[in-house]
Amino acid sequence: MREIAAEITLGPVLFNWPPDLWRDFYFRIADEAPVKTVYVGEVLCSKRAPLFAEHYQAVAERLRAAGKSIVVSTLSEVTQNLDRKLVESVAASQDYLVEANDASALPQLTGRTHYIGPFMNVYNERSVAVLAQGGACNFCLPVEMPAATISALCRETQYLDATFEVLVFGRMPLALSARCYHARAHGRTKDSCRFVCENDPDGLELRTLSGQPFLTVNGIQTLSYDFLNLIDRVEELRTMGVSRFRLSPHSCDMVRVATAFSGLLDGMITATEAAEALVGLNLPGPCSSGFYDGKAAVSRRLQ
Amino acid sequence: MTLRARADFAPPPLQRLLQTIPRWLLAGVPLPLLQPFLGHIATHVARSRPELFARLGPHAGKLFLIDPIDLPFVLLLRPNAKRPQLTASGRLPRPRHDAAIAGTFLDLLGMLDGSLDGDALFFSRDLRVSGDTEAVVVLRNALDDLEGNALDSIISAFGPLSAPIKYFISSLRGMRTEKHDG
Amino acid sequence: MDDNGYVRPDLVCPAGTPAALRAAVDAGADAVYCGLQNATNARNFPGLNFTPAELEAAIGYAHVRHAKVLLAVNTFPRAGEFALWRDAVDLGARLGADALIVADLGVADYAAQTYPELRLHLSVQAGASSPEAISFYCEKFGVKRVVLPRILTVSEIASVHRQIPCEIEAFVFGNIGMMAEGRCSLTNYVCGLSTNMDGVCSPAADVRYEEDAERNLTTRLGPFVIDRFTNGESAGYPTICKGRYLCSARAEPYYAFEEPVTLNLSALLPDLMRAGVTALKIEGRQRSRAYVRAVVSAFRNAVDDIMAGRDATLASLIALTEGHRETEGAYRSKTWR
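From first to last, the protein sequence lines stand for chains U, S and Z.
Read left to right, the first sequence gives residues 22 to 324 (the numbering used here).
Read left to right, the second sequence gives residues 767 to 948 (the numbering used here).
Read left to right, the third sequence gives residues 790 to 1126 (the numbering used here).
Extracted from the complex, chain U is given alone in its bound form (with noise of 0.2 Å):
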C-alpha cells in the first residue's frame, strides 16, 4: 500500500448558482472548509462560464491566501466551437494544474502535469497508463466504479507514480448529453435557455409517472436523486489506496460536510461520529452508497 497522505477536495460546482453565491460559497470554503485541494470551473455548459467570470480572481485570491491548492477543471461535453475555445483557454493555465474532463484537453495538456477528471472513461490500469505516459497524475474515478474495481486498479497500478480520487459525496453524475434538459423542461432550447437552470441549485427533480423521485435534471447533465455518502466507506478506500476523496458542492452546509469527512480522515473523530454529524444537512433527497457494492444504486439507500 502506497503511503500518500490523504485529504478531502471539493469538486467543481457543478449547477448554475448565482455568481454572487457562488462566490460567497467559495469566500466561506476559503476561511472554514479543512478541504487541501479546490477544484473550480465551469465542466457542462460553456454558456455559464461568463458569468463567474468576474469573480474568478477574488475568489482564487482568497483561497490561496487560505493555503488552498486550485485546480481548475475543463468541460466534459465538447461540441461547439464555443466549447473548444473554452477547454483551450482553460487548459492553457500556466498558473494551476488542469483536470482534463474530455479527450479535447489532451493534446494541449500532454507532457504537462496534469489530473484526469471523473467524466474522462478511467475504469482499468492500461487506461491510466496510456494517460499517465503523457503526464496525468492524479485520477478522479467514475462514480459508478464498485469497490472492488476500484481496489483492482490501486493494485495494478502501484509501480505507476499515480494518485487516484474518489467521488464520496453528492449526486450522482449519470449522464451527459449535448441537448440541454433544462432548457427542455421549460419548453426551450440551449441556446434560447435564458440560463433556467438557475432556478435549481441542487438540480431539477424528475419522478416516474407513478411519482417516484428518480433523477436529477442539470443542464445537459442527468444526476442521481440520492445522494451519495461514502462516509462509512472512507476508511475502506484508504486501504486500498484511494488518498483523495471529492465532495460535490450541493446548497447544504458544505463546510459541515467537509470537516465531518476531514475529521474521520485525521482520526480526530469516529465513523459514527461522522455519520452523525452528517444527519440533519436537510438534504433533498436520501443518501445513498451508490455504485460502491456493485449492484444497483437505487437499491442502496442508507437508513
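It is worth saying that the hints were derived from the structure and are not from the lab.
We put the CB at the ideal spot given by N, CA and C, even for glycine.
Errors might be hidden in some of the hints.
[Claimed, not checked] Output of the computed footprint for chain S on chain Z, the stretches with three or more beta carbons under 8 Å from beta carbons of chain S:
#: 1; segment: 872-885
#: 2; segment: 1023-1035
#: 3; segment: 1076-1083
Let chain U serve as the given structure and place chains S and Z on it in line with the hints.
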C-alpha cells in the same frame, strides 16, 4: 394515434372465408387430437436444429405461452433440447408460464419465418409480451438466427404433408395485399 | 469521386446474429459490424452475437462477397479483467477482421501496439466529438476512422472533416442514443449492470410489461415505471432516456430526454455524402433479420440512386421505427439541442 405494422385491407368474401378456415377446423377439433402433430413438430425441430439451443442457454428450460389470439387455443412451448414440449391448451384458465407472447396467427407466423419484425409488431401494439422479458428476447434472437427459418423447420416436420401445408399458408398470406417489410 | 461530386460511401450494417449478417451482406452491405458473446461489445444482449467459430464463418461468407467485417470491441474493461478484451482483440486479428471498433484507451493501446497493421476505428462509445479529441486518438493509436456521435449537424460534420486526419462514419438510421455515448450510467443506477463496462442498456431481464383490461400498457425497468401507453398508442421499449416523467416545470408528463423516435437521414444522404462522410452506419444489432433486410436494401438503393445521379426514393421504413416517428436529430439544425 394508431399506426399499424401492416396496412389495413378489406379482403374479398372468398378470401375471408379461407382466412377463417383455421378457426372452423380447429374449433371443432378436440385439443388432444392436435397433440400428436404438435409433439411431432417439437421433436423434429429439436432434432434438426440443435443450434437453436445454444442461443437459448438457460432459457431453454422456460415455459413460453404462445397465444394466437384469433385461434381458439394457446400453445405452450418448452424448448428443451432433450425433451422438447409443445402442447395446445384452452385459453382459460390461463396456463402457468414463464413468458407469454400474443398476436394474430399470421403475425406469429411472420415472425417465425423472418418476414416480419417482432419489435415493429410490439411498437404497433400488434404483439403483446408479458412475464420474463429476457426469455422472450432470447427466444426471438434464437429463432431469428436459424439458417433458413424456423417455419421451414416446422413445415418439414410434416414430411409428405409439407407441400399442401406450405400451399395453405401462402394462400392465407396471399390475402395480404401490401408488401411485407422484408 | 464521380461526376456528381460525390464520394461513394460504404454502407456499414448491423449484424446481431450470423443469419442477420448474411441478410445484410446479401442485401448489399459494404461492411457489417458485429460483436462476441460477452461484455467486450456494447450490445451484450442475451441470445445475441457471435461465437469465435461463428465469427470465423461469417468473415468467410462476407469476404467471398467482397464485404468487410468490423469487430466491435467497444466497451471499457474493468481493472483486473483486461484479459477478456485482449483475447477479443487477438481473435479479431487472427480471424482477419477488417477493422476493430474500439473505445477504451487501454484497448486501443493494446491493439495498436500488438497489431500495428490492424485497422482501428474509433467507436461512438469513445465520445470523441471535437477535432481535438479525434486527433488525439488518431495520433496516439493510428485510428483510421471515427464514428461520430449523433449530435453534430451536417455542416458541423463537414467542418470536422476538414480538421481531422481520419475518415468519418456517420449514423443514418436507427435507435438514436440521447446521452453522450460511453458516458451513461443510467442503466447501472437502476439495474446494477453498466452500459460502459458490461455493454448492457436497459436490459430485458429488468423489463416488465403490464397491460390492463383496457389495453393500457405500462412499461417498467427495475422498480421504476418508464412509460405508459393507452389502448392503441404506439409503444416503445423502456429505455430510461426514452421514458416519460414528471417535473415541477411541467403540468403534464413529458419525454424529459427524447421521444422514442428513430433516426432516419435518408433525406440528407446527398448532403452527408458531400460533407465528406466515408461510411454510413445503420444501427440495429438487436433487431431482426427482417429489419436488417428492409433497412439495408432501402439504403443500398438510395446510395446507388444518388451515385447514378438519380433521385433517391427511400422506401418507407416508418413501420420499423420505434414510436413510429422519425427524426433527423441534430443533423439538420441546432434547434434539437
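Hints and how they fare:
1. With 0 residues having a Cβ less than 8 Å from any Cβ of chain S, the segment 872-885 of chain Z misses the three-residue criterion, and the hint is violated.
2. Coverage of a stretch by a chain is defined here by at least three residues with a beta carbon nearer than 8 Å to that chain's beta carbons; for the segment 1023-1035 of chain Z and chain S the count is 4, and the condition holds.
3. For the segment 1076-1083 of chain Z, the assignment as covered by chain S holds, since 7 residues bring a beta-carbon within under 8 Å of that chain's beta-carbons and 3 suffice.
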